[in-house]
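Enquirer: Here is how the chains run, residue by residue.
Number of protein chains: 2
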Amino acid sequence: MSIEIFPVQGIPEVAPGDDLGAVILSGLEASDVALIDRDVVVVTHKIVSKAEGRIEAAPDDDAYRRLAEREARAILRRRGDLIIAQTEHGFICANAGVDRSNVPEGQAVLLPADADRSAHHIRVNLERATGASIAVVVTDTFGRPWRRGLVDVAIGVSGLPAILDLRGSPDTHDRTMHVTEIAIVDEIAAAADLAMGKADAIPVAVVRGLDLTGDGRATDLVRPPEEDMFR
Amino acid sequence: MSIEIFPVQGIPEVAPGDDLGAVILSGLEASDVALIDRDVVVVTHKIVSKAEGRIEAAPDDDAYRRLAEREARAILRRRGDLIIAQTEHGFICANAGVDRSNVPEGQAVLLPADADRSAHHIRVNLERATGASIAVVVTDTFGRPWRRGLVDVAIGVSGLPAILDLRGSPDTHDRTMHVTEIAIVDEIAAAADLAMGKADAIPVAVVRGLDLTGDGRATDLVRPPEEDMFR
Chain A
1 MSIEIFPVQG IPEVAPGDDL GAVILSGLEA SDVALIDRDV VVVTHKIVSK AEGRIEAAPD
61 DDAYRRLAER EARAILRRRG DLIIAQTEHG FICANAGVDR SNVPEGQAVL LPADADRSAH
121 HIRVNLERAT GASIAVVVTD TFGRPWRRGL VDVAIGVSGL PAILDLRGSP DTHDRTMHVT
181 EIAIVDEIAA AADLAMGKAD AIPVAVVRGL DLTGDGRATD LVRPPEEDMF R
Chain B
1001 MSIEIFPVQG IPEVAPGDDL GAVILSGLEA SDVALIDRDV VVVTHKIVSK AEGRIEAAPD
1061 DDAYRRLAER EARAILRRRG DLIIAQTEHG FICANAGVDR SNVPEGQAVL LPADADRSAH
1121 HIRVNLERAT GASIAVVVTD TFGRPWRRGL VDVAIGVSGL PAILDLRGSP DTHDRTMHVT
1181 EIAIVDEIAA AADLAMGKAD AIPVAVVRGL DLTGDGRATD LVRPPEEDMF R
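Chains A and B are the protein sequences, given in the same order.
The numbers in our numbering rise by one with no breaks, and the one at position 109 of the first sequence is 109.
Adding 1000 to a residue's 1-based position in the second sequence gives its number in our numbering.
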C-alpha cells in the first residue's frame, strides 16, 4: 500500500480569531483534495498559533529573547542569542518555540498553548464538515543535537498514536523485537514537510495511505528526565 | 505536486556477496514499480550491511557489547547495557549502530563501512539497469535525546543534497530567512519508513515527486563538535 502526500495550496494569511477548520477546508477545495477516512491532515503550528492569537510584539532582539525566556519552563543551554529551552508542554527546542520567521516584522509567534487540543479542535471541525474519520497532526520545525539541519516534528496530535509500540512483535527471524517504539507522528510530520517546502509557504498537507487509528498525544513524545541522558 | 511513497515488496533475505542492485531490481519488478527520473530509492542499511558482509558473531550480551565498543570512535554515555556512541562516520547512536534485530540468533549487523559509498554503488547499478536518473538514501533507525521513540534517518546518500540550505531565501513576508537548513534526507528517510513498516520487513521504498538533485553526503549531517551543545 503506497503513501501519498498532497500539499494543500491556497491557504490565505491567517489572523487571530480565524476559523482554521474553514480556512483548511477552502484550501482543500482549491487544491482539489477531498478528505477520506484515515487521512492525516498535517498543519504547521504557525497558522494554528496565529488563529489562536499566540502572536506578540518583539520589536528588537532583546524583546525577542525575553519572550523566549518567558515561554520557557527551563533553560538547558545558552549560546549568544540562542537559548535551548524546555517549553511548558515539555518539548525541548530553540527559543522555547518562539519564532520570527514568516511573521510581520516586529512580531513573534509562540507555540499554541496546547497543540494536542488545537489538533483535536481542527479534527472535530473537519470531520463535521466532511464526514470523514481523519487525524490531525500539528507540527513545528526543530533542530536536534548531533545532527545538522532542522526537521519537522509533531507538537500536537489527534486521532493517531504518537508512538507505535512494536515491542513484542516478532521480527523477521521470529524473535521478539526489543526496544522498538517508533515515533510515528514525527515521521508523519517529516514526510508532510516534503510536500510543503519552506519557502513556498504551504502550511497544510494531507498524508494518505496510513492505516492507523489511536488516541495519542504529542506530549507522549516527551522523554521523562530520568530516561534522558542528554539534558 | 504530490509525493508518493511505494513500498518495494518481495526482497528476499540478503546474504554476503549478493548484488544489491539486482536484488532491488527484482523487488521493484515484483512490486510493479518502474523507476523514473528523480525517484529516490530508500534502502534500510541492514540489507546493505548484509550484502557487504558486515555481520559478525555476537553469541551473548558481552560479545555484543564488545562489538559495539569496537565500532565506536567515542563513547558519550553508558547506562546498563546501552552505550551511546559516535561511530567512525561521526554519527551518534545507540551501540554504535550494531544491531541484533532482524538477524539470525547469535549474530549482529554493523553499519556499512561507508554508507555514502554504498548508496553511490547502488545508485550506479540501478541507473545502469533502468536508464533513469535517480538518487539513493541508506537509512538506519535512531533514537534521539529529549523525544521518545525512534525515527529513521539517513546514514548514506547519493544524488541528493543532505541538507537544503534555504538561508537567503525570502520568507512569506519577504524578509530573508535566518537559520533554515532543512535536513531533507532525514525527512526522506522518515517518510520512507511510513511505507516500510518495521514488523513487515519491507527494506526498500521509492519516494517519487521530489524535485531535488545534488551531490551531498550523509556525513554532511554530522554536527561539528564545536557547534554541538549536547555532547
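Hints listed in this document are in silico derivations from the structure and should not be mistaken for laboratory results.
Quick reminder that beta carbons are idealized off the backbone N, C-alpha and C, glycines included.
Any given hint might turn out to be false.
Listed next, with one range per pair, are the computed distances between beta-carbon atoms [unchecked claim]:
{"id": "1", "chain 1": "B", "residue 1": "Glu1056", "chain 2": "A", "residue 2": "Gly10", "range": "53 to 59 Å"}
{"id": "2", "chain 1": "A", "residue 1": "Thr213", "chain 2": "B", "residue 2": "Ser1002", "range": "21 to 27 Å"}
{"id": "3", "chain 1": "B", "residue 1": "Glu1056", "chain 2": "A", "residue 2": "Gln107", "range": "54 to 60 Å"}
{"id": "4", "chain 1": "B", "residue 1": "Pro1059", "chain 2": "A", "residue 2": "Asp32", "range": "54 to 60 Å"}
{"id": "5", "chain 1": "B", "residue 1": "Asp1019", "chain 2": "A", "residue 2": "Gly214", "range": "23 to 29 Å"}
{"id": "6", "chain 1": "B", "residue 1": "Gln1009", "chain 2": "A", "residue 2": "Ala132", "range": "26 to 32 Å"}
To spell it out: a stretch of chain A is covered by chain B in this simulated footprint if at least three of its residues, at any positions, have a beta carbon under 8 Å from a beta carbon of chain B; those stretches are [said to hold, decoys possible]:
{"id": "7", "segment": "1 to 8"}
{"id": "8", "segment": "48 to 55"}
{"id": "9", "segment": "150 to 162"}
{"id": "10", "segment": "212 to 226"}
Enquirer: Now look at each hint and say whether the structure bears it out.
Expert: Here is how each hint holds up against the structure:
1. B/Glu1056 - A/Gly10: 53 to 59 Å: This hint holds: roughly 55 Å between Cβ atoms.
2. A/Thr213 - B/Ser1002: 21 to 27 Å: holds, 23 Å
3. B/Glu1056 - A/Gln107: 54 to 60 Å: Hint holds: Cβ distance 56 Å, inside 54 to 60 Å.
4. B/Pro1059 - A/Asp32: 54 to 60 Å: Given about 58 Å between the Cβ atoms, the range holds.
5. B/Asp1019 - A/Gly214: 23 to 29 Å: Between B/Asp1019 and A/Gly214, where Cβ atoms are some 41 Å apart, the hint is violated.
6. B/Gln1009 - A/Ala132: 26 to 32 Å: holds, 28 Å
7. 1 to 8: holds (count 7)
8. 48 to 55: Per the Cβ count (0), the hint is violated.
9. 150 to 162: Holds: 5 residues of the segment 150 to 162 of chain A have a Cβ under 8 Å from chain B.
10. 212 to 226: That given contact holds, which follows from 4 residues of the segment 212 to 226 of chain A lying within Cβ reach (below 8 Å) of chain B.
The earlier numbered hints that this structure contradicts are 5, 8.
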